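Trainee: Starting from the structure of chain A, add chain B where the hints point.
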Amino acid sequence: MSDFSEELIRSKTEDDQEESCVFSGTGMSFPWLQKYIGTVATGGKKEKDFAQTTNACLSFIQEALLKHRWQKAAEFMHSYFQILEDSDSHKRQAAPEISLQHALYLLHHGMLEDANRNLSHAETWRYGEKSSSQEVLINLIQAYKGLLQYYTWSKKKMELSTLDEDDYAYNTASQNMLNHSWKTSVNLCALIQTPGVWDPFVKSYVEMLEFYGDQDGAREVLTNYAYDEKFPSNPNAHIYLYNFLKREKAPREKLISVLKILYQIVPSHKLMLEFHRLLRKSEKEDHHKLGLEVLFGVLDFAGCTKNITAWKYLGKYLRQTLVGNHLAWVQEEWNSRKNWWPSFHFSSFWAKSDWKEDKALACEKALVAGILLGKGCRYFRFISKQDDQVLRKKIKRIKKSVKKHSIVNPGL
Amino acid sequence: MGPSPPLGHRHCLILLPFPRPQLPLGFPQLPTAPVLHCRGPRPGQVSGQPPGGAAARGAGYAVGATAPGRRIHRGRFGLGARGDAAALLAVRSDYHCALWKVSKQGRAAPLQVLQVGKGATGISLSPHLPGELAVCSRSGAVCLWTPQDGLQQVYKDPETLVFCDPSPWRWADFTAHPRVLTVGDRTGVKIIDTQGPPGCGLLLFRGGAEAACRQGERVLLSQYLGECGAEPRLPTLQLICTQFSLYLVDERLPLVPMLKWDHDLPSAPLWAQLLPPPCPGYPQPLLLGGQGGHLQLLHLAGEGASAPRLAGPPQSLPSSSDSLSAFPLLEPKSQWRLQERLKAPTIGLAATIPSSASKPVLSLFQLSAAGDVFHQHLHLQADPGPHSRAPAASWTPQATACCSRWLKALLDVPPTPPVWAAPTFSHRRLLGCMEQRKVEQKGPEGLRAAMAAGRLLRQKDLGSLPSAGPPPAPEPGPEDELSARLEAAWEGRMAAWWERQQGRSSGPGRQPKRRKRRTQLSSTFSSLSGRLDLSDATSPPHSPDRASPEARPRPPVTPPSQELTQELWARGVPSERQQTLRDYMARLPLQEDTPRGVCSPLSGTSSSRATPSRPQTLQDGTAELPPGRNTRRGAAVSSSQTSRQQVLRKKPRMGF
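These protein sequences, in sequence, are chains A and B.
If you count the first sequence from 1, position 203 lands on 203 in full-length UniProt numbering, and the numbers rise without skipping.
If you count the second sequence from 1, position 640 lands on 640 in full-length UniProt numbering, and the numbers rise without skipping.
Treat the hints loosely; a few may be bogus.
Simulated restraints, written as ranges between beta carbons of each label pair [said to hold, decoys possible]:
no.: 1; chain 1: A; residue 1: Glu97; chain 2: B; residue 2: Cys200; range: 34 to 40 Å
no.: 2; chain 1: A; residue 1: Lys385; chain 2: B; residue 2: Tyr95; range: 45 to 51 Å
no.: 3; chain 1: A; residue 1: Thr124; chain 2: B; residue 2: Ser139; range: 54 to 60 Å
no.: 4; chain 1: A; residue 1: Gln62; chain 2: B; residue 2: Asp149; range: 46 to 52 Å
no.: 5; chain 1: B; residue 1: Cys164; chain 2: A; residue 2: Lys260; range: 36 to 42 Å
no.: 6; chain 1: B; residue 1: Ser139; chain 2: A; residue 2: Asp358; range: 41 to 47 Å
Because the hints were derived from the structure by calculation, they are not lab data.
Treat the numbers as computed from the prediction; the structure is a model and nothing was measured.
Just so it is clear, CB atoms sit at the ideal spot from N, CA and C, and this is done for glycine as well.
Bound conformation, chain A alone:
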């Protein structure tokens, strides 16, 4: 039992107004937790008997499901349908959400027609006064409908691409598509104005806008999605914008400015290697410096340690930078890493394991290790000692490079 669990127990005995449930005879379970759930679910109101019964039934269903007793669960489920008659307003307000979940289930199982019908039902559900949370939910339901319409539209687009433009069928088909896209955009539009993460909706909306040539509209949607401060920071928003600008053949400066933000959010993203290439090609010196920073940043992450392209770029760029007389840039990056990169990347364990798994990767890493740590470093020593027929020439080249460029004791 950790400290924290003790704290849980303690806080309970202090706070609890009904001491009877502290020792309820059920041993070590926490009856308070269950009770808590009960009051939370009903917003603190005392539950009616009916609600209690249905709740008990729900817990039976859950238990049966978790124990994979499907037959039993189905039997309980049969009884549970009574909840449809529940008069609790709280439950009624939750009805659209239940419909939405059901629709998502149907979507996952390819029953698109049924899902669409379900969403239409949910969309028209009203109970009591329309609260703001309900409004978002209705927007979401409409957006899912829009997504289904997008799917149909997308299929029609595929069909259209097989037809001849002069064909009569082409005109009807494209007219049909236009209708669909209009409905879809109405459905999607409302949701993506609301702050949130709406990746699939934004993507499909933009695709439709682009198809009908509304580049400005698409750009506006994407820019808003990426830069509006009310939205949560979302790396995908910047990726979509970048890809859009790339399709538009936007100038390099523009692309760099988008990726700069992505770099700040997710320095380990695979687009960072593309970012590095852009920076390398740029004429500005600070871009060159940033290019080095980006490579070091990528290799900081545990998931990128075996990215051979990144190591290749780093080895090459380190040489280039040092040849360009920018030792200070390298040292600046290295200073914050020299106390942990050696054991993170360049330990003798990694030397052995990399050599065993991927010799090309080991060679690229050995070059970087040699440049940054000198030829005495374990990783470099281990690789340079290996006698491999195929890689003999390469290892020799690496040794030469290290001797020439290493930032450690360059004189020796």
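Mentor: Just chain B, lined up with the frame of chain A:
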């Protein structure tokens, strides 16, 4: 490691996932071997084989226990060590953190020990850099610690992260970036860059609207999931558990959980472990363990760029107390001991998929607070179809033998007397309750004064008392209480007995309620509570009951001699004739007789007050009692039985 009495494990650190010649013997194995992925257990699948090669690199979570006085150590092992280096184990106790080294032979030795003056609340071992640890203290400080370089404070904030909810609990863990940590408390989880300026950081999870949290929802567990296996599939994933739900949050997309699932565990989820996929292309098993021993197995799919999702239906695994059914039925006392033993809360969870096995097997170990390790194997099984039924749980012969040895060892150890703990009801509320009832003011005041002075409450503190107290009654021995408890347990009413036991200690506030209930209960129960009241009455200074006016009009108690006569009567009369006898006796003019030794002027009032329709119900109850039971009843006479005793006492004279 041979069989040893289960209690012997209480004081040693148990390192679980190590290859041993044999599993630690003397531990019960769970009755079923549920499948890893599909539809339910299959008989004959429990394997008694030891988990060979279980010390998989980076895939272990070991927990140790200490003596009851100290809190539980908790740590992780094997994460930082790579390849040929020895596995490392981080251990935390209340005021100490330690780094242990575990050699290939499985021997553990401490490398360095750190004293944490304010108290340590969390420890994590870096999955990236061997020997680096993150340590949290109660003061809100988070430090990086390496044996070479010592401590380096990277964060300090005595306040909670999101909203004010005083809790000294903190937990730090690592992320995909070796220099970035997560710091969690009950309100949220924050990412901090240890190289950045102090105090900066980014909220990763906020208990609130973004995650659609419920009211009162609190973080109980935050754990980095990216450390699983050599090449993690989801290197940026963090697991956050609250008492209601499980959240998977991607470090790259803070505040918006990638996945939320209501786990509905009946106890607080304090353990989680993500395992590498059992076969290539399979989803990763994610184990969730509750404090009450509840286990859930989920399957996490998704790789690289795709979002994580739950694959297949989640499954609840049998918990330690479920194995009760596999033990032979014991006599009630032993059965109760076994049951209690199996119910002990879980204090550790470890699982591994040994790479050496030809077929993937998930070995699962659960450590209970009593010092037992429960073990179950999970086999990967082809989908048996939706109509297959879960087969009955069973043990293999080896497992049965192992468990019977364990049970023998358990029952050989003499039961420790239960440590009596003071009831946890606050004085303030107790007194408030009394005032509310508008009782005589002298009592509470006297009680309060006595409590303030820290002395015993005496009769003179309580003002006027009945001129004649109840006569001295025999003090019930300790074995009486035990037998009463056993009696209740035999009847399956242990819970009610315990509740009453609790209620008795809780003071006068509960007195009238209990009395009322007593009148409704069967005679077994009324006799029991009568005895309990008796112990109160014989030691006046001890009990606050005496302060209460409700308690004061206590009816006289019967000396043991009367008990005997009553029993003799009950034993001598065949049950079918008892009603006739009763009818007969009702017509006898015996009521005028004052019982010997019962001369309290209050007795009449109390008995008349408490027994409007008394004699009939109680006599029926007595008649139903099995005769053998009566001998153990001790001074088993409740207040309300007085009038009946007056009747019954005469019986021997009647010649029965």
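Trainee: Give a verdict on every hint.
Mentor: Verification of the supplied hints:
1. Checked against the hint of 34 to 40 Å, the C-beta distance between A/Glu97 and B/Cys200 comes to roughly 37 Å, which is consistent with it.
2. In this structure the hint that A/Lys385 and B/Tyr95 lie 45 to 51 Å apart at CB holds, the actual value being about 48 Å.
3. Range check, A/Thr124 to B/Ser139: about 56 Å between beta-carbon atoms, so the 54 to 60 Å window is met.
4. Distance hint for A/Gln62 and B/Asp149: a CB-CB separation of about 49 Å, consistent with the stated range 46 to 52 Å.
5. The given range of 36 to 42 Å is respected by B/Cys164 and A/Lys260, whose C-beta atoms sit roughly 37 Å from each other.
6. The hinted range of 41 to 47 Å is satisfied by B/Ser139 and A/Asp358, whose Cβ atoms lie roughly 46 Å apart.
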